[in-house]
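*Asks:* All chains should be modelled from the sequences, with the hints used to inform the complete structure.
Residue 196 is where the sequence shown starts when you use my numbering, and the numbers rise one by one after that.
If you're looking for bench data, these hints aren't it; they were derived computationally from the structure.
Glycine included, each C-beta is placed from N, C-alpha and C at the ideal position.
Misleading hints may appear alongside valid ones.
Here are the in silico distance ranges between beta carbons for each label pair [as the list claims (entries may be wrong)]:
#1 Leu251 - Val213: 19 to 25 Å
#2 Val308 - Glu201: 20 to 26 Å
#3 Asp218 - Ile327: 17 to 23 Å
#4 Val216 - Ser328: 22 to 28 Å
#5 Ser319 - Leu207: 35 to 41 Å
#6 Gly234 - Gly272: 31 to 37 Å
#7 Arg248 - Asp225: 31 to 37 Å
#8 Phe287 - Pro222: 20 to 26 Å
#9 Glu331 - Leu207: 29 to 35 Å
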Amino acid sequence: MVDYLEDPDGGLAIGDVVSAVPDRFRPSHDAVPHFGLTGSSYWLRFTLVNPGRGPLSFDLVIAYPQLDEIILYRPVGRGTYAMELSGDRRPFREREVPDVRFVFPLHQDPGAVTYYLRIRSITSLRVPISVISREETYRDSVRDAGLNGLYYGVL
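*Replies:* In C-alpha cells form, the structure reads like this:
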C-alpha cells in the first residue's frame with residue numbers, strides 16, 4: 196500500500212513530510228499511482244517488512260522512464276534519512292543499476308521500514324512501483340532488451 200501527499204509548490208523537505216499530520220497523506224487505491232499532468236511534487240510513503248531473521252536485499256523499481264526527478268529517502272537512524280537521486284534529467288551513467296527503469300537497490304534488516312519518495316515531472320506523473328529481487332531485475336532487463344531489439348529490428 197502506497198500513501199501520497201501533494202506538495203503544490205514543491206517546498207516540503209523530508210523533515211516536513213515525516214512530521215506531517217498523518218491524515219495529510221492519502222492512500223492510493225490504484226495499482227499504479229497516477230496524478231496526471233501537474234506542476235506539483237508528490238511524496239509517496241510506503242513501508243516494507245522483512246519477516247526474516249537476517250538482512251534482505253531487493254530492488255525498488257519504478258518502471259516509468261519519463262519521470263524527471265525522483266528522490267528516495269531511506270532511514271539511516273535517529274530520524275535522519277539518506278537521499279538517493281534519480282530521474283530522466285540525471286545522466287544515465289550515474290545510475291547504480293544500468294537499466295531504463297529507475298532501480299534503487301535496498302538492503303533491509305529484519306522488521307518494518309518506512310521509505311519516502313519525492314517525485315516531480317513535467318510529463319504525466321505515473322509511478323508504477325514494484326519490489327523485486329536483483330535476479331528478477333536482471334531477467335526483466337534482458338527480456339525487455341530482447342523485445343526492443345526484435346521490435347526495432349523488424350522496423
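*Asks:* Hint by hint, say whether it matches the structure.
*Replies:* Each hint tested on the structure:
1. Between Leu251 and Val213, the C-beta spacing of about 23 Å keeps the proposed range 19 to 25 Å intact.
2. Checking the proposed 20 to 26 Å range against Val308 and Glu201 shows it holds: the Cβ atoms sit about 24 Å from each other.
3. Range check, Asp218 to Ile327: Cβ separation about 31 Å, and the 17 to 23 Å hint is violated.
4. For the hinted restraint 22 to 28 Å between Val216 and Ser328, the CB-CB distance of approximately 36 Å leaves it violated.
5. Separation of Ser319 from Leu207 is about 22 Å and departs from the stated range, judged on CB atoms against 35 to 41 Å.
6. Evaluation of the 31 to 37 Å hint for Gly234 and Gly272 yields a pass: the beta carbon distance comes to about 34 Å.
7. For Arg248 and Asp225, the Cβ-Cβ distance of about 34 Å falls inside the hinted range of 31 to 37 Å, so the restraint holds.
8. A hinted range of 20 to 26 Å for the beta carbons of Phe287 and Pro222 is inconsistent with their spacing of about 33 Å.
9. Range check, Glu331 to Leu207: Cβ separation about 33 Å, and the 29 to 35 Å hint holds.
The structure shown violates the earlier hints numbered 3, 4, 5 and 8.
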